[in-house]
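Use these hints to put chain B onto chain C, whose structure you have.
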Amino acid sequence: MKVSSIISRCKKRIAVIIEDIELFLLYALLTAFIAGIVVASICGFDTAYIRPLLISAGVFTVICLLLRWPGWLVPVAMILGFGWYGVTALLMDSFAGQPDEAVFLEGFVVEVSERAENYFSQLAEQEASGYSFVMQCEDANGWQGRVMVVSSPVQPKVGDRLRVAGIVYKFTETYNFDLLPNNYLRNNNIAAAVRPVPDGITFIHLAGASPYALAQTVRERVFADMAALPDIQQALIRGMAFGDTGMLTGRQSSILQQTGIMHVFAVSGLHIGYIVLIGTAVMEFWRPKLRLPLWTGPLITAGLVVFFALVVGASPSVRRATVMALAALFCRGMGVRHRAGYALIIAAFILLLMEPLWIFQPGFLLSFAAAAGIVMGSFYLRQLIPSRVLAISLAAQLMTMPILAYFFSTVSLIGVLLSPLVVVAVGFVVILALLAMLLSFFGLAYIPLVGAGLLAELIYKVTEIFAALPNMFTYTVRPSVVVMVLYYVLLWIAYRCLKKAELITFAEEMRDYYGGSGYVRKN
Amino acid sequence: MYVKTNDKSIPYKVIAAVCLIIAAGLLLLPAWIRNDRDFELTMLDIGQGDCFLIRADGHSILIDGGGQPADATEMAENVVLPYMRTLGIDELDIVFNTHPDNDHIGGLFAVIDEMPTKELCVYSGYADSEKQQKLLRLAEERAVSVSSAAAGQVFALSDDFTVTVLSPQAGEHYTEDSYNEGSLVLHIKYRELDVLLTGDLNGAEMMTATDGLDCADIDVLQMPHHGSSNNYNAEWYDNFAPQAVLVSVGRDNKYGHPGSDVIDYWQDRGIRIYRTDQDGACRIIYNDDTLSIHTVL
Numbered sequence: 052m053k054v055s056s057i058i059s060r061c062k063k064r065i066a067v068i069i070e071d072i073e074l075f076l077l078y079a080l081l082t083a084f085i086a087g088i089v090v091a092s093i094c095g096f097d098t099a100y101i102r103p104l105l106i107s108a109g110v111f112t113v114i115c116l117l118l119r120w121p122g123w124l125v126p127v128a129m130i131l132g133f134g135w136y137g138v139t140a141l142l143m144d145s146f147a148g149q150p151d152e153a154v155f156l157e158g159f160v161v162e163v164s165e166r167a168e169n170y171f172s173q174l175a176e177q178e179a180s181g182y183s184f185v186m187q188c189e190d191a192n193g194w195q196g197r198v199m200v201v202s203s204p205v206q207p208k209v210g211d212r213l214r215v216a217g218i219v220y221k222f223t224e225t226y227n228f229d230l231l232p233n234n235y236l237r238n239n240n241i242a243a244a245v246r247p248v249p250d251g252i253t254f255i256h257l258a259g260a261s262p263y264a265l266a267q268t269v270r271e272r273v274f275a276d277m278a279a280l281p282d283i284q285q286a287l288i289r290g291m292a293f294g295d296t297g298m299l300t301g302r303q304s305s306i307l308q309q310t311g312i313m314h315v316f317a318v319s320g321l322h323i324g325y326i327v328l329i330g331t332a333v334m335e336f337w338r339p340k341l342r343l344p345l346w347t348g349p350l351i352t353a354g355l356v357v358f359f360a361l362v363v364g365a366s367p368s369v370r371r372a373t374v375m376a377l378a379a380l381f382c383r384g385m386g387v388r389h390r391a392g393y394a395l396i397i398a399a400f401i402l403l404l405m406e407p408l409w410i411f412q413p414g415f416l417l418s419f420a421a422a423a424g425i426v427m428g429s430f431y432l433r434q435l436i437p438s439r440v441l442a443i444s445l446a447a448q449l450m451t452m453p454i455l456a457y458f459f460s461t462v463s464l465i466g467v468l469l470s471p472l473v474v475v476a477v478g479f480v481v482i483l484a485l486l487a488m489l490l491s492f493f494g495l496a497y498i499p500l501v502g503a504g505l506l507a508e509l510i511y512k513v514t515e516i517f518a519a520l521p522n523m524f525t526y527t528v529r530p531s532v533v534v535m536v537l538y539y540v541l542l543w544i545a546y547r548c549l550k551k552a553e554l555i556t557f558a559e560e561m562r563d564y565y566g567g568s569g570y571v572r573k574n
Numbered sequence: 154m155y156v157k158t159n160d161k162s163i164p165y166k167v168i169a170a171v172c173l174i175i176a177a178g179l180l181l182l183p184a185w186i187r188n189d190r191d192f193e194l195t196m197l198d199i200g201q202g203d204c205f206l207i208r209a210d211g212h213s214i215l216i217d218g219g220g221q222p223a224d225a226t227e228m229a230e231n232v233v234l235p236y237m238r239t240l241g242i243d244e245l246d247i248v249f250n251t252h253p254d255n256d257h258i259g260g261l262f263a264v265i266d267e268m269p270t271k272e273l274c275v276y277s278g279y280a281d282s283e284k285q286q287k288l289l290r291l292a293e294e295r296a297v298s299v300s301s302a303a304a305g306q307v308f309a310l311s312d313d314f315t316v317t318v319l320s321p322q323a324g325e326h327y328t329e330d331s332y333n334e335g336s337l338v339l340h341i342k343y344r345e346l347d348v349l350l351t352g353d354l355n356g357a358e359m360m361t362a363t364d365g366l367d368c369a370d371i372d373v374l375q376m377p378h379h380g381s382s383n384n385y386n387a388e389w390y391d392n393f394a395p396q397a398v399l400v401s402v403g404r405d406n407k408y409g410h411p412g413s414d415v416i417d418y419w420q421d422r423g424i425r426i427y428r429t430d431q432d433g434a435c436r437i438i439y440n441d442d443t444l445s446i447h448t449v450l
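These protein sequences, in sequence, are chains C and B. If you're matching positions, the first sequence starts at 52 in the working numbering and goes up one per residue. If you're matching positions, the second sequence starts at 154 in the working numbering and goes up one per residue.
Okay, chain C solo, but in the shape it has when bound (with noise of 0.2 angstroms):
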């Protein structure tokens, strides 16, 4: 059988099952899922559930494939949220050491991180120049999962095997009103921070040569090019075009968050969608040039887009948006109708498969929420608001609203409108910061960052200007679910007022077209 037979016949069974597949349903097992962790969460999960709960939600997805009834998976995905959410809150609790308790860890590292949002980043980098990484390891007593090592005198790479002896550093927690308790490490999925005695770091074998290595050799070289630009400029690249805010200062954040723009620091659609942009764009220019099968440039494309996140990090929002680049590039490359409805809540069930936890992170949250908002309100926005660009905006922005009050207690009445701008112009830094990353081989990096650097100064001080206009934005209290459940419903209401007002002009210029009256000449 010949090879490109194959694949035709791949495409149509893909197609067939892609269109089969409810959005409706999807929604319903996502919502379920999510219903799950967080039921879980709030009942203060009990260990001896995740056997009973494991063997009840194979019956049932068994009974449902039996009878062709996927209304069953809806309590197969509460079941399984429950019980994935017991899984992680199983390996986290079970962790021996208490704090100032000594401990012997081996593993490999998982994630480096340079963040400023991560304080454990913060707070290493405050104690004579440490470093903080996560490591996916095993204690002396055969414990298995995840610890954050803070403190550290050396930088690993990811996929490092190390030997770590330090003592269980104490985790803070708080409670204060109207803020949620402190509790960044669970919320992460780590177990518990360890700090290590001096000389307590052993490598037992090194990261070999990887994409994930060139990734970060090229974050580096754009990095030390970038050390000659002023602070400001450095911080501000990193941030747009690498979504590390580490440089930012918590003057230029508090700015950014009041105006609503602090999404651009967060590498997500905007710059997956360039990268998709550039490299459809080159593949469509040598393609036929070099006669490759017309799936090579979405492959090629794909290979882009992984790559740069691998430069960028492993941020919620950034995987929700390289997932989605992906399921779309998938699409196009198999000739099948691509709907990012159906990407969007794929994505979601991925990520949180992955980490349960980030249901409760506001950069999971916001991310998906701005991505709903843009893919499921912003075409009807434009009833109210013609500018497509500021439909855009307002869906992202209307969508994040309550997310924003609750976790920041800021509402940003200026962002609608500062968004759009910034996001375009933010466009050329990112572009810029691309080419510095291919130039970086070259080492020649330095030039497109001068430019870069400059555009990323100027946004700012316009953001500036902005913050300091009065009534921009407002401080208050935290939403209460009830009130958040409101806003939605009323959001809900909005768009299907809107997508009827649609279907009514539809249905008017159809008959307008075909010799109806309703119009007038304007003179």
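Errors might be hidden in some of the hints.
Claimed, not checked - Going by beta-carbon spacing under 10 angstroms, a handful of chain C positions derived as facing chain B:
id, residue
1, Gly109
2, Thr112
3, Cys115
4, Met452
5, Val540
Stated by the list, open to error - Pairwise CB distance ranges (calculated):
id, chain 1, residue 1, chain 2, residue 2, range
6, B, Ala323, C, Leu520, 42 to 50 angstroms
7, B, Glu272, C, Gly502, 39 to 47 angstroms
8, C, Glu189, B, Gln431, 54 to 62 angstroms
9, C, Pro232, B, Asp330, 34 to 42 angstroms
Stated by the list, open to error - As a list, the in silico EDC-like pairs of lysine to aspartate or glutamate whose alpha-carbon atoms are at most 20 angstroms apart:
id, chain 1, residue 1, chain 2, residue 2
10, B, Lys407, C, Glu152
11, B, Lys407, C, Asp151
12, B, Lys342, B, Asp191
13, B, Lys166, C, Glu553
14, C, Lys208, C, Glu157
15, B, Lys342, B, Asp330
16, B, Lys342, B, Asp210
17, C, Lys512, B, Asp210
These are computed hints drawn from the structure, not numbers from a lab. Given the structure is predicted, the values throughout are model-derived calculations rather than measurements. Beta carbons: idealized from backbone N, C-alpha and C, even for Gly.
Showing chain B alone in chain C's frame:
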């Protein structure tokens, strides 16, 4: 160009717009119609350290900013500043630093950097404190007016709301080993309510600081130095008859704060101790001349 004369979609657009306005209003309304109390003091749970926020008559003052040993500003970034934002505070009238130990001054670096502040008030007799000098430089950069406080100074924020500095005496000098003795002791008075905040005050300074103060009038008393046993002084405590005693400490702190003798003393007298390690943050509200106390846990 064509315009519609009978666009049937308009009612739907109007309903949608109204829904969006109401939705936004749901989030903004609490900010516009905040239920401001006459006087509100919050002892924030910032782990081991002190941080008190007071709001009264439209004025906001902060006393210390906490500070973890390993990361000075972490609690300010994650608790103090976000909490002030939930209250809608966009400017502080006065920030007091009782003394330049990390668990009191640390978080103020983030507060002065990010929260517009009219005045920073410190005692200037800590000659060798690099941290205080650094904070003063930051205040200068942020155009915050700096004032040196000493015993006898009165900050009148309104007719009803005053802050009086009881200690230390002007001209005293303290080294790193004796910063605690040099803590600012603040007598906060709002109408008939009297609050005494004592920083890490210890030793003989406890007696001299409250010389001339009618201690029996104090309604809310902060235990000096996080209720440390080293500061246990029954003779000094006997002077007071507070309705509430405050202790700001971290959970399972390695210093053993608060001391069991301190706890026993107040329990024997039947006076409730509010501790951040057990109660979380504590809010003292004085409204219509009535005192009420609320805790998170």
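Here's how the hints hold up against the structure:
1. Gly109: 40 angstroms, violated
2. Thr112: At about 38 angstroms, which exceeds the 10 angstroms cut-off, the nearest Cβ of chain B leaves the hint on Thr112/C violated.
3. Cys115: Constraint on Cys115/C not satisfied, violated at 37 angstroms.
4. Met452: 6 angstroms, holds
5. Val540: Interface hint status for Val540/C: holds (9 angstroms vs cutoff 10 angstroms).
6. Ala323/B with Leu520/C: 42 to 50 angstroms: With a Cβ separation near 43 angstroms, Ala323/B and Leu520/C satisfy 42 to 50 angstroms, so the hint holds.
7. Glu272/B with Gly502/C: 39 to 47 angstroms: 43 angstroms, holds
8. Glu189/C with Gln431/B: 54 to 62 angstroms: 35 angstroms, violated
9. Pro232/C with Asp330/B: 34 to 42 angstroms: 36 angstroms, holds
10. Lys407/B with Glu152/C: 13 angstroms, holds
11. Lys407/B with Asp151/C: 10 angstroms, holds
12. Lys342/B with Asp191/B: Holds - the C-alpha atoms of Asp191/B and Lys342/B are around 12 angstroms apart, at most 20 angstroms.
13. Lys166/B with Glu553/C: Distance of about 9 angstroms is within 20 angstroms: holds.
14. Lys208/C with Glu157/C: Answer holds: Lys208/C to Glu157/C is near 15 angstroms, not above 20 angstroms.
15. Lys342/B with Asp330/B: Distance ~31 angstroms between Lys342/B and Asp330/B Cα, so the pair is violated.
16. Lys342/B with Asp210/B: Within the cut-off at roughly 12 angstroms; holds.
17. Lys512/C with Asp210/B: Outside the cut-off at roughly 35 angstroms; violated.
Hint compliance for this structure: hints 1, 2, 3, 8, 15, 17 are broken, all remaining hints hold.
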